[in-house]
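Visitor: Here's the letter readout for the chains.
Protein chains: 2
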Amino acid sequence: MADPLPSWNDGTAKKSIADFVGRVTAKGPDFVPEEERIAVFDNDGTLWTEQPYYFQLAFAFDRIRALAPKHPEWKDRQPFKGLIESDLKAALATGEKSLLEVIAVTHAGMTTDDFSRIVTDWTRSAHHPRFKRPYIELVYQPMLELMSFLRANRFKTFIVSGGGVEFMRVFAEQVYGIPAEQVVGSSGAVKFERAPDGSVALIKEAKVEFIDDKEGKPVGINRFIGRRPIFAFGNSDGDHAMLQYTAAGAGPRFLGLVHHTDAEREYAYDRQSHIGKLDKALDEGRERGWTIVDMKRDWKLVFPHER
Amino acid sequence: MADPLPSWNDGTAKKSIADFVGRVTAKGPDFVPEEERIAVFDNDGTLWTEQPYYFQLAFAFDRIRALAPKHPEWKDRQPFKGLIESDLKAALATGEKSLLEVIAVTHAGMTTDDFSRIVTDWTRSAHHPRFKRPYIELVYQPMLELMSFLRANRFKTFIVSGGGVEFMRVFAEQVYGIPAEQVVGSSGAVKFERAPDGSVALIKEAKVEFIDDKEGKPVGINRFIGRRPIFAFGNSDGDHAMLQYTAAGAGPRFLGLVHHTDAEREYAYDRQSHIGKLDKALDEGRERGWTIVDMKRDWKLVFPHER
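Protein chains in written order, with the working numbering: chain A, 1 to 307; chain B, 308 to 614.
Bound-form chain A, shown alone (with noise of 0.2 Å):
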């Protein structure tokens, strides 16, 4: 049989996702019936790229960008003013939750449809700053395959991510082959109007939800998914929930970390990170034997394009 992931060096973590998915697949103490197969993915840093800054916020930015010239009060006031003077370091100092209030403006007082439209523009036409590469492209080639594997085991696959709902659904799907319905993130409220000529639609509102991120996490993954996972895949102390979660079920469990160790092909961060921080969950996932990965000693390939 060919390998299934093949952008995978032999090693303890190709080893661990190997012998879990024989061993809850096959007759025995440890087999899981297909319908409780339910792996987790964080987004942001475990199957794309989320250095120097959350592609949702490069889209932010842009979008800020665009949307300026008719908002002349935020010249004054953090975090837009760094977002439209490209002064990333006074934005980003403002915090997460604000930064989720702008990701809230900028994608608010529109449809549903029309947002999906500028996202779907966006990744066509955007380029990170490093790779000159459309951001869709900066997924990580090992966890394609991983899903890919999983799927072909009869799980169900999910982005669990404290990103944007419906940011991440418009490209979910061509990218990791996840629909739509099996994507969690954090959400801005939405409103359902009907419109004098009797025509509907919902309509985006400049208003926090749910922040689907650190505790939020498992929320999220009760409310939307309704199950607990056997399977979880994080990169940062925002997943550690989800892990915990996770791993409080009975029976088998895999716990997955991807540690940024390598800034030649990617990134290398951790402990000290403003993006990304992984710490509490570096100690735990140690302590307790989750798997690991060492991007640079543990991935053949970072991204599709090194094929």
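For the record, the hints were derived by calculation from the structure and aren't laboratory data. Watch out, some of these pointers could steer you wrong.
[As the list claims (entries may be wrong)] Chain B is nowhere near these chain A residues, computed Cβ spacing over 10 Å in every case:
hint	residue
1	E181
2	V183
3	S187
4	R223
5	H274
6	K296
[Unchecked claim] With a straight-line Cα cutoff of 25 Å, these simulated DMTMM-like cross-link-like pairs (lysine to aspartate or glutamate) come out:
hint	chain 1	residue 1	chain 2	residue 2
7	A	K214	B	D504
8	A	K214	B	D428
9	A	K132	A	D262
10	A	K214	B	E380
Built from N, CA and C at the ideal position, the CB exists for glycine as well.
Model the placement of chain B on the given structure of chain A, informed by the hints.
Guide: Just chain B now, kept in the frame of chain A:
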């Protein structure tokens, strides 16, 4: 080929279903790719009986009685008082939102796992006052056949109900063949907690978070499914917005309403009913040529046990 809808009498309704499925699955101008074949179904009154009151209310009724000794303050407060004293009229008079609050209260202060166990026990022990059968047997055989028929044609079937999502998920797979992650419904807040001993759990809180009814249904569809259905079935004005939202998409659409016209085998009610009021949606359905199922005329059987 065996008739996939044997419990449907020949007529407009059965024909419109077969025609629609034929059109969107055959090569031609109306073909719809598999991933877009999203079908949504209301639950109460569309997939199972909702009279003399929503089954989840019967569950809440039983729970209120079980919990009442610990809540002396309920004795003097509606709708608790009415539920405890079996004075449903008084309890129902307080309106839907307050009933959802009761449901939140009777469903809170426990882990999500404990709640699932309580609901499971209830589905096995409780019986419908008129039919003297477990509630989960009072599902509509023709609708079970319809959902199987759609799935055989590569539709993905979802429940989109005003009922509680965690309540329905307990039995949706067993009863309807719909997995937990394809159930959309109302929800209470849930909190992730780490106990001092290191264990983690999701705790249900006594706070309504989202009401998946009326204008909330298209919002729920957008939030949980993330794409517009091409097929929607409901039975009341609570489903009107969902039907309108489904109808407003481009390409072929199927809009269906179950009209309860059979007092003998089930119930007969529409415009004047407190529960499952069907008025405006019936008018629009007739005007626009939606498929309106006349239960008495169109269904050979109502419940599986009639076979």
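Visitor: So, against the hints stated earlier in the document, which numbers end up violated here?
Guide: 1, 2, 3, 4, 8, 10
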